[in-house]
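Guided by the hints, dock chain H onto chain S, whose structure is given.
Protein sequence lines correspond, in order, to chains S and H. If you read the first sequence in the numbering used here, its first letter stands for residue 4, the second for the next number, and so on. If you read the second sequence in the numbering used here, its first letter stands for residue 746, the second for the next number, and so on.
Within a straight-line C-alpha distance of at most 30 Å, the following computed BS3-like cross-link-like pairs (lysine-lysine) qualify: (1) K915/H x K63/S; (2) K15/S x K78/S; (3) K915/H x K71/S.
It is worth saying that the hints were derived from the structure and are not from the lab.
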Amino acid sequence: MSTTVTEEQIEKLVVESLETFGADADQITREATFEALDIDSLDLAELSQIVHESYGVELKGSDVAEVKTVDDAIKLIAERL
Amino acid sequence: MNAASERHGCALVTGASRGIGSAIACALAADGWPVAVNFRASEDAAAEVVGRIHDAGGRALAVGADITSQQQLDRLFQTVEQELGRVLVLVNNAGMRADDLALSLTDSDWSSVIDTNLTSAFRTTRHALRGMIRERFGRVINISSVIGPRANAGQSNYAAAKAGLIGMTKTIAVEVARRGVTVNAIAPGLIDTDMTADLDGELLSAVPARRAGTPEEVAACASFLASEHAGYVTGSTLYVDGGLAA
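Bound-form chain S, shown alone:
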């Protein structure tokens, strides 16, 4: 699966997830911080779970703790695929 997932697809998954968690769609950009989007640790834990279900990739809590922006999250996921 790893060879077929593009960064655009990851971005779509992340953005859709953030919208589900209640982030304002207009404010979601690659540079936006999770703090500004009001996305907290439970949301990121759920995002990890969605990533696991979608791509079979396990993101560790310690990795996710380092993630500050939407771009960080997309790059982390792309790295682990």
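Frame of chain S; chain H shown alone:
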């Protein structure tokens, strides 16, 4: 109104072949939940519980697993999710006793009680929460005990595990509250089951209601906590003890 009629998921009750667990399994099935009846060794008793649920027009499945084993726990969830759907109601009921005064309590009796009564409840909860959070609905019900909040000589291991369950209940409740998932504990007092058959003397005389409770009286509370009515009840401990802890 009960939650079961509107949800695509099931209830999992650990240690459900006997006593309080079997009564809770029957009550949740009567509420409309498909119920996974987990057992460790008592396969015949679990089959009987399933039979009783089927006779009453409910849906149930007996699933054997020693939940202190992570591997068996994973397999348990896999089977339950395949057969009955996502676990949306989890009742951590499996428990054991290995009583002795602290002075002579062995490491083995300490660990087995903590592992079965507390650690396995954490692991089942961690597993079930994933599905509940995605569903924006879930009910975790931890069967604690009046022993823990209250002392009982000879049960330091049991008291530690059961008090631990109450602490765990409160913190996890806070972590997941805004996803529509509630986490509560029930603290039964002296309930008439096989597990308390040898306890009734001194403890019974301390019960203000002057009688032991029934498994069905505990199950009625679990049924309430699992329902839509209890959606705003979270992090709490419901004492079902005839006033013993009051």
